[in-house]
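Q: Residues per chain are reported as follows:
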Amino acid sequence: MPVTLHERLEEIFRTVLNDDQLSLSDDTSASDVEGWDSVAHINLMFSIESEFGIQFAGNELAEFKNVGELKRYLESRG
Amino acid sequence: MKPDETTRRGDELRKAGDNAGAIEAYLEAIKSDEQPDGDVCLKLARCCERQQDYDSALHWLMQVVDSSDSFLHWQSAAASLTKLPAHDLQQGVKRTARAALLGSYTTSQLVPMIALAARRWGIALEVYEAPYGQYQQEILDPGSGLYAFEPDFVILALHAGELALPRFAESPAEAVATEVDRWRMLWEALDKRSTARMIMHNFALPFEAPMGNLTGRLPGARESMMRQVNHALGEAAGNAVSIVDCDRLSSVFGKARWFDDKYYHIAKQAVSLDSLPVLAKHTAAVLAADLGLSRKCLVLDLDNTLWGGVIGEDGLAGIRLGAGPEGEAFVAFQEYILELKNKGVILAVCSKNNDADAKEPFTQHPDMRIALDDIAIFVANWRPKSDNIKFIAETLNIGLDSLVFVDDNPAEREVIRQHLPEVEVITLPADPTGYRRALAGTLWFETASFTQEDAGKTEQYKAKAEIAQLETSAGSLEEFHRSLDMRAIIAPFDDLHLPRIVQLIGKTNQFNLTTRRHTMQVVREFMSDPDCVHFYLKLQDRFTDHGLVSMLIARRDGEVMDIDTFLMSCRVIGRTVEAEMLAQLCERAAAAGCAKLRGTYIPTAKNVMVKDLYSRFGFTEVAATGSVEEAETVWEYDLSAAGPIVNGFIEPLEDARDAA
Numbered sequence: 001m002p003v004t005l006h007e008r009l010e011e012i013f014r015t016v017l018n019d020d021q022l023s024l025s026d027d028t029s030a031s032d033v034e035g036w037d038s039v040a041h042i043n044l045m046f047s048i049e050s051e052f053g054i055q056f057a058g059n060e061l062a063e064f065k066n067v068g069e070l071k072r073y074l075e076s077r078g
Numbered sequence: 001m002k003p004d005e006t007t008r009r010g011d012e013l014r015k016a017g018d019n020a021g022a023i024e025a026y027l028e029a030i031k032s033d034e035q036p037d038g039d040v041c042l043k044l045a046r047c048c049e050r051q052q053d054y055d056s057a058l059h060w061l062m063q064v065v066d067s068s069d070s071f072l073h074w075q076s077a078a079a080s081l082t083k084l085p086a087h088d089l090q091q092g093v094k095r096t097a098r099a100a101l102l103g104s105y106t107t108s109q110l111v112p113m114i115a116l117a118a119r120r121w122g123i124a125l126e127v128y129e130a131p132y133g134q135y136q137q138e139i140l141d142p143g144s145g146l147y148a149f150e151p152d153f154v155i156l157a158l159h160a161g162e163l164a165l166p167r168f169a170e171s172p173a174e175a176v177a178t179e180v181d182r183w184r185m186l187w188e189a190l191d192k193r194s195t196a197r198m199i200m201h202n203f204a205l206p207f208e209a210p211m212g213n214l215t216g217r218l219p220g221a222r223e224s225m226m227r228q229v230n231h232a233l234g235e236a237a238g239n240a241v242s243i244v245d246c247d248r249l250s251s252v253f254g255k256a257r258w259f260d261d262k263y264y265h266i267a268k269q270a271v272s273l274d275s276l277p278v279l280a281k282h283t284a285a286v287l288a289a290d291l292g293l294s295r296k297c298l299v300l301d302l303d304n305t306l307w308g309g310v311i312g313e314d315g316l317a318g319i320r321l322g323a324g325p326e327g328e329a330f331v332a333f334q335e336y337i338l339e340l341k342n343k344g345v346i347l348a349v350c351s352k353n354n355d356a357d358a359k360e361p362f363t364q365h366p367d368m369r370i371a372l373d374d375i376a377i378f379v380a381n382w383r384p385k386s387d388n389i390k391f392i393a394e395t396l397n398i399g400l401d402s403l404v405f406v407d408d409n410p411a412e413r414e415v416i417r418q419h420l421p422e423v424e425v426i427t428l429p430a431d432p433t434g435y436r437r438a439l440a441g442t443l444w445f446e447t448a449s450f451t452q453e454d455a456g457k458t459e460q461y462k463a464k465a466e467i468a469q470l471e472t473s474a475g476s477l478e479e480f481h482r483s484l485d486m487r488a489i490i491a492p493f494d495d496l497h498l499p500r501i502v503q504l505i506g507k508t509n510q511f512n513l514t515t516r517r518h519t520m521q522v523v524r525e526f527m528s529d530p531d532c533v534h535f536y537l538k539l540q541d542r543f544t545d546h547g548l549v550s551m552l553i554a555r556r557d558g559e560v561m562d563i564d565t566f567l568m569s570c571r572v573i574g575r576t577v578e579a580e581m582l583a584q585l586c587e588r589a590a591a592a593g594c595a596k597l598r599g600t601y602i603p604t605a606k607n608v609m610v611k612d613l614y615s616r617f618g619f620t621e622v623a624a625t626g627s628v629e630e631a632e633t634v635w636e637y638d639l640s641a642a643g644p645i646v647n648g649f650i651e652p653l654e655d656a657r658d659a660a
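Chains as they are written, first to last, in my numbering: chain Y, 1 to 78; chain E, 1 to 660.
None of these hints come from the bench; they were simulated from the model. Certain hints may be false.
[Claimed, not checked] A short list of chain E residues far from chain Y (calculated; beta carbon distances all over 12 angstroms):
no., residue
1, Lys15
2, Gln75
3, Arg184
4, Phe535
5, Val608
6, Leu653
[Claimed, not checked] Rough simulated footprint, nothing fancy, chain E against chain Y, three-plus residues with beta-carbon under 8 angstroms:
no., stretch
7, 7-19
8, 41-55
9, 58-65
C-beta atoms are modelled at their ideal positions from N, C-alpha and C, and glycine is treated no differently.
Turn these sequences into a full structure, and let the hints steer you where they fit.
A: Set out below in structure tokens:
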């Protein structure tokens with residue numbers, strides 16, 4: 001069973017936020033998740049860059065409203 | 001199933017909430033890996049934590065430190081460490097310490113990582129993080145959070161943007177001096193208000209150099225002056241301030257990775273997230289060295305470690321050493337090992353060989369760099385290495401946790417990891433051309449200061465092994481002591497010897513009555529207190545100069561001379577040095593008009609050897625607190641009734657060099 005984009009993303013979130021119970025939906029945003037503060041956001045974005053081998057542009061980093069938007073961005077990068 | 005598939009099965013079980021099943025799968029996946037993947041170690045740690053098996057969780061978190069430099073792994077492991085219950089965190093802790101981290105940039109991620117890296121050294125480190133960018137205010141304001149925290153260490157995490165240097169200076173020396181003075185002022189301000197030791201990150205020169213290759217020829221260029229500032233800060237630091245050489249670190253790591261402009265502009269991350277684990281590791285290593293936790297001895301295998309091939313089978317002409325890429329690599333490895341010896345690391349040999357075969361290359365091979373004289377103790381036989389390594393530690397009278405073991409054979413390494421977990425084991429790559437870097441990459445021999453005693457350490461330990469033989473041949477103990485022809489310089493503390501004195505205070509565990517880890521600042525206070533008596537002893541005998549090996553601090557309390565600190569290096573145990581020290585104290589106490597000596601024994605895990613010391617010298621126990629087994633005891637010696645303690649085996653010397 002191949003690992004989906006959603007699962008990869010969820011794994012990164014769980015690792016960074018240290019919460020194995022965390023589950024993401026497309027609507028999940030920072031305000032829904034305990035511990036997803038500004039420092040955690042930086043940690044998340046950097047870890048996603050490393051794991052997916054991509055680079056966000058500086059102005060993109062703060063702009064994802066929710067997980068769905070982030071996923072669409074990652075999909076568009078192939 | 002392949003390891004990857006087994007790991008994936010572990011992932012599925014973990015997500016389904018079956019932590020025990022996941023642990024089993026992960027362990028299966030890594031069972032044949034000497035250094036398991038950091039990602040799997042982290043997952044194991046999290047599963048163990050969930051199972052409330054905190055010992056194992058801690059074990060796997062420490063494995064993450066060893067096997068990974070990834071930000072993701074370290075950030076998560078550091079967060080996990082803070083979640084472990086305090087009680088379980090104490091497992092295997094050698095020291096506890098408090099550090100205040102003051103940064104010129106965002107340090108939220110660095111702080112927990114330093115605690116994680118310190119834990120790997122056995123340090124339970126509590127860290128206070130100063131408000132962003134407030135390092136000057138925190139140091140200058142006596143009411144700041146820094147001073148309320150009462151730290152043992154202050155870590156100053158800085159970036160080059162903090163340097164007030166012009167783009168180009170007409171008189172660069174002046175600009176550099178002004179800048180250096182600014183930092184020295186902060187050191188002094190801290191020193192005045194706190195006994196904490198300063199650990200400062202020096203300035204990583206930026207990726208950009210507008211003057212390009214011309215920079216090096218322009219002393220007035222900003223980047224040239226930064227280099228000078230680093231240099232001058234190092235000189236000014238002396239033994240008073242520790243420095244993490246971030247400029248060197250960033251060069252080794254690669255400046256293109258060390259700096260990440262995007263994260264600087266978004267989050268004021270002046271050191272890239274990518275490089276934080278490395279920075280945390282080095283900061284913790286410097287802190288550990290300051291606490292005296294550096295390893296003391298490197299235990300070497302021989303065949304395929306110091307030369308290619310097996311001496312017992314291939315013979316002197318058959319081993320690969322000197323010529324060819326492999327032979328050169330072994331020479332380079334040996335030369336690096338000698339560099340370690342020169343900075344005070346003791347060398348020992350532990351080899352499965354016949355003794356005569358094992359020694360042959362040392363005496364006969366023209367390309368051998370390490371000589372038999374460089375080795376403090378040489379053990380070549382067919383017994384298990386774990387037994388031999390224990391023997392080495394016992395003979396040198398140092399703890400197993402002072403040893404680092406290097407061996408090309410993964411099976412031998414595994415045996416030592418299993419049987420002697422206190423010993424650090426270096427994982428050598430299969431290719432000998434990578435040996436030197438594998439050894440140079442470990443931080444176990446990080447040193448806090450360098451004294452003359454350090455350079456001659458192997459000789460001193462070697463002499464000790466020889467004396468062990470003389471001891472068995474001399475008739476009586478008295479005869480033996482006389483035959484050593486011992487002389488000593490005994491004198492009050494002075495600035496010249498202060499670094500060595502503070503070093504001994506920091507690392508002496510066994511012969512240490514009170515184990516009070518005074519900082520240099522506190523020792524200076526003793527030195528300026530007229531009611532204090534303090535002196536050190538430097539021992540020589542007909543074999544060797546042992547250097548400064550014992551010291552004592554006492555403070556007059558009415559008619560009683562109260563011993564605050566009394567310690568002795570273990571390498572001179574059984575030489576009557578302790579008797580000489582007490583005899584000297586008697587003289588000084590009498591001169592100060594005291595009628596009594598008072599001594600305290602504070603038990604620790606390591607100092608049981610001095611439990612009865614005061615009793616041996618005729619002191620009477622006057623108080624005991626705590627349990628019978630581990631009681632803190634107070635002892636008194638009545639000078640006027642019992643007369644002074646005398647020794648007579650050590651001749652006190654005047655030394656012109658020391659008197660100067």
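Q: Look at each hint and say if it fits the structure.
A: Results for each hint:
At roughly 8 angstroms from the closest C-beta of chain Y, the C-beta of Lys15 of chain E falls inside 12 angstroms, breaking its exclusion from the interface. Distance to chain Y contradicts Gln75 of chain E as a non-interface residue, since its nearest Cβ pair spans about 6 angstroms, not more than 12 angstroms. Separation of Arg184 of chain E from chain Y is adequate, the least Cβ-Cβ distance of about 33 angstroms exceeding the 12 angstroms criterion. Chain Y leaves Phe535 of chain E outside its interface by the beta-carbon criterion, the shortest separation being 52 angstroms against a cut-off of 12 angstroms.
The non-interface label for Val608 of chain E is consistent with chain Y: the shortest C-beta to C-beta separation is roughly 41 angstroms, beyond 12 angstroms. Non-interface status of Leu653 of chain E relative to chain Y is upheld: no Cβ of that chain comes within 12 angstroms, the nearest being about 61 angstroms off. Evaluation of the coverage hint for the stretch 7-19 of chain Y: fulfilled, as 5 residues show C-beta separations to chain E shorter than 8 angstroms, against a requirement of three. With 7 residues having a Cβ less than 8 angstroms from any Cβ of chain E, the stretch 41-55 of chain Y passes the three-residue criterion, so the hint holds.
With 3 residues having a Cβ less than 8 angstroms from any Cβ of chain E, the stretch 58-65 of chain Y passes the three-residue criterion, so the hint holds.
In summary, the structure is inconsistent with hints 1 and 2 from the numbered list given earlier, while agreeing with the others.
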